[in-house]
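> So the chains spell out like this:
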Amino acid sequence: MSYYWQYGTLGALTAVGGAFVVIAFLGNRLMRPRKPRVEKATTYECGMDPVGEGWSNTHIRYYLFAFLFVIFDVESVFLFPWAVQLEKLRPQGTVLVEMIVFIGILAIGLLYAWKKKVLEWVK
Amino acid sequence: MPFVAPHIAWHGIAPELALVGGALVALLIDAVKPAVDRRFLAGLSLATIGLAAWFTFDLRDTRAVIMQGTLAVDGVALFGRLILLITAAMTILISYHYLSRRRIHRGEYYPLLLLATSGMTLLAASNDLLLSFLAIETLSLALYVMVGFARRDEKSQEGALKYFLLGAFSSAFLLYGIALTYGATGSTQLSVISKQAAVASVDERLMFVAVAMIAVGFAFKVAAVPFHMWSPDAYQGAPTSVTGFMAAGTKAAAFIGFFRVFLVAFGALQWDWRPVLWIVAVATMAVGSLLAIAQTDVKRMLAYSSIAHAGYVLIGLVAANRDGVSAALFYLLIYAVMVLGAFAAVIVSAPGGSERLSLAEWGGIGRRYPVFGGAMTLFLLALAGLPPTSGFTGKFLLFAAAIKAHENALVVAATITSVVAAFFYVRLIVLIWLQDPPPDDGHPGIGPTPALITSLGIAAAATIVFGVWPQSLIDLARNAISHGFVG
Amino acid sequence: MIDGIDVLIMVIKVLVVFGFLLVSVLLTIWAERRIVALMQQRIGPNRVGPFGVLQGLADGIKLFFKEDVTPTNVDRSVYFLAPVAALLPAFLAFAVVPVGRGFHIGHRVITLHLVDLNVGILFFLAMGSLMVYGIVLAGWSSGSTYPLLGAVRSTAQMISYEIGMGLSVVSVVLWSGTLSTSGIVDAQSGTWFGFVPRWFIIPQLPALVMFLLGGLAETNRAPFDLPEAETELVGGYHTEYTGIKFAMFFLAEYLHVITTSALVVTLFLGGWRGPNILPFLGPLLFVGYFLAKLGLVIFLFMWARATIPRIRYDRLMHLGWKVLIPASLVWTMITAAMVVLPQEVNRTTLIVVVGIVFEVALIVWLARLTTTALRRGRLRRGDSHVV
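Protein chains in written order, with my numbering: chain A, 20 to 142; chain B, 41 to 527; chain C, 88 to 474.
FYI, nobody ran anything at the bench for these hints, they're computed from the structure.
Please note: incorrect hints may appear among the correct ones.
What the hints assert, rightly or not - Listed next, the in silico BS3-like pairs over lysine-lysine satisfying Cα-Cα at most 25 Å (straight line):
1) A/Lys134 / B/Lys73
2) C/Lys149 / A/Lys59
3) A/Lys136 / B/Lys73
Unchecked claim - Partial selection, computed: residues in chain A whose CB lies under 10 Å from chain B:
4) Thr113
5) Glu117
6) Gly128
7) Tyr131
8) Ala132
9) Lys135
Remember, it's a predicted structure, so these values are computed and weren't measured experimentally.
Glycine is no exception: its CB is placed at the ideal position from the N, C-alpha and C atoms.
Whenever a hint applies, use it, and build me the whole structure from the sequences.
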């Protein structure tokens, strides 16, 4: 009940935001001047005529960081429910040790990446 | 909602903990001290495997389902661990020299091997479809990297990419099957699924699709026809030691998982899946044997031969009785040993640059190096299933189990394909012994090292001993399944 | 039960939040320009309205009447959607921030909190990550080199700092034992020794520092504004955007600053809590506290922009991965260890002491890394242009 109410409220806020965007775009369409010229619609290259496609390959380093990100982001997702319950689980003792082991394994991964110079931007 | 921390029976997963722990330590040592002597890492890995074996031995009298019903500690799981730990240890023995020779002796090899082994042992013991999936992913991810371990070798890269793409594809099948099973029965635990699948209210169509999907997933991993496409390329491209590890270890682990899932969870549906797997088994044996004839590369030939062997092991699953399981366990162990022996022989065949991969290069090698030629001959005879080798005993047990299950046609088909398969093994034996060695072929000699000799010796001894006096091992395999699967 | 009046209250709250955000963006833009100008001994905008306070509005109106140029090389649908994708999450993130104490009208309780999700913090972090989509899509769909580079840089930067930010939130969650934002504010009620407020800034000072660093990087603000580093990448991901679409990105960035600051207030500065010194003001006093704290944190953002030069990209990644993430992992574990300590131990005193030690160690480490990087950089002068 309150669940749907809350997310409904969020939905209402989304709707208001969406309406704002729609109104702004529509109003802009009505108000703005429109003087199209071919040069205007070219890609911005600091005044030079653009050469080739704008899409290019990016360096593999970005990929490696994305890879590490997935690991550690998922890790922090696992940490949240544990963090909420930790105080209540205190009598069961080992919960902290277990999480330290889990984080430790991932930290070894980070250390490995570090030592293999994955984290160096300039080689 | 109160949260209750689960009870964890640490001793039940001690072998896997040892393997993972060893892998992490090896990884750390390699990362912090890249110049570390590889002998140290190899020794550490062997010690880890020894520790895991000790923990496994410690579990020998335990029969339980632990970890909230996800992990079985039973005879089959223990026997599976036995096979896999032997495989891993022998792989390390045959890898050491080979990797140095190819200049790909990077330290990550050992952690990857240990992690793959831990995934395999978990798969052999998994009593829950989700754990099976995780175990398969653990072993596969490590193996993808290991197949591509020769970074500068295009074939290795090609094999790794093909293995990765098709492996990911098969994982999707498996996962979809697991999801459907969960939808139909409300559980991923094998024993619960088996109870639910037997009741009339279960949605049969959903179950059929689920079983088919899961069968496809496992068939990919064991390289059964028509899902065998990746294996020749991956086997050929991978570093030879990795090929041996895959042929022996992945196959054994995936088959044990296959057996457990189909006999425990889907046992009630066996009248539906047995005919399908019958066809798959025959097709696997036939395609593997026939295509192996056409190969001129030793590793590729062994890859097709390993497909054919997957077909033989499937006989044990189609038989769907205890004899079938024990025969398959026996077969997986002796197959692991002999195929590792065969790949060790391929590694020994050249000390310097490239191995003798093309069949022509093996001509007359037995006349020049009789002991080496004899060992290779022995493994080939065992792969062909001729007496007095362990291969014969293994096939005999599988056929006996099938006859007991009244699958006579299957036995006839298997016998015919065995004859076909014998052709290409014997052809290589003929090449080794009956051709004159070229006067000066420019080839260097063969390159045994103590580790390689040890592994060759163990493999050869095991192949003969379990061929002539197989009874003790047969008893062990029978004991493993004598009380059925737990759970 | 929910009746019409509840719906009415909800609608009013939604509109008020929305209006508040828009107005505060305009004020923030103006305040930033004035404050930065003051710090740089300039005057800043002072023409439109009293003290130039309407400058933001004037800029917005100007952009509204500007021609909208869509380059021929763009991927049209994505190009159109990207500003929306950047804007909406920024609006939504504010919804979980409690802005004041609830009050009664008759028997009805009015909470000054748009929604009190039980996973409020996660919702905020999720919305923060969604903002990346707007930037990536904008950069990619522009079909131009500068925006693409800006977008890829920005993505790498945001995901790197998101981890450190998320982990610093974990330690706050550990300390308060709840994911709900109002729960966290409640956990900060009361005082130590009768006058020191129980705000998490005291036991969780390292987490605050890491959260602020992450927040600066997440919002692409100076000194982490590399995605739009104009000396290298023209305008960054929004180079090809004009008119109202550009205004959307501008709005989104400032909204992000405001919501992040609001979360800093909620997590570390006791939210709307404060001494009830002027009881006749009722709930307005607490809204005032909230706004004052919010203004303070936003001021910190501006101060950083005026004071600290832009950090080089390799150093940015260095800081994120080699300092922020390990430090936040260690701090999370320290906090967890404090939480599981037996009740008899005075864990707050302990964590304050440990926190100060940790903070000093962090700064020493950072200084050492920086000096070694500087030393190396001096040897390799000439390749400072790092993409």
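> Please go over all the hints and tell whether each is borne out by the structure.
Evaluated hints:
Taking the CA atoms of A/Lys134 and B/Lys73, the gap is about 9 Å. The hint holds against a cut of 25 Å. Between C/Lys149 and A/Lys59, the direct Cα distance comes to roughly 19 Å. Compliance with the 25 Å bound is thereby established for this hinted pair. Annotation: proposed proximity of A/Lys136 to B/Lys73 holds, straight-line Cα distance about 13 Å (limit 25 Å). Taken as an interface hint, A/Thr113 checks out: its beta carbon lies about 8 Å from the nearest beta carbon of chain B, inside 10 Å.
Residue-level restraint check for A/Glu117 holds (minimum Cβ-Cβ distance to chain B is 9 Å; threshold 10 Å). Checking A/Gly128 against chain B: minimum C-beta separation of about 9 Å stays under 10 Å; hint holds. Nearest Cβ of chain B to the Cβ of A/Tyr131: about 5 Å, under the 10 Å cut. The hint holds. Below 10 Å, beta-carbon pairs count as interface contacts, and A/Ala132 has one with chain B at about 9 Å; its hint therefore holds.
With a cut of 10 Å, the hint placing A/Lys135 at the interface with chain B holds, because the nearest CB-to-CB distance is about 7 Å.
In summary, this structure violates none of the numbered hints.
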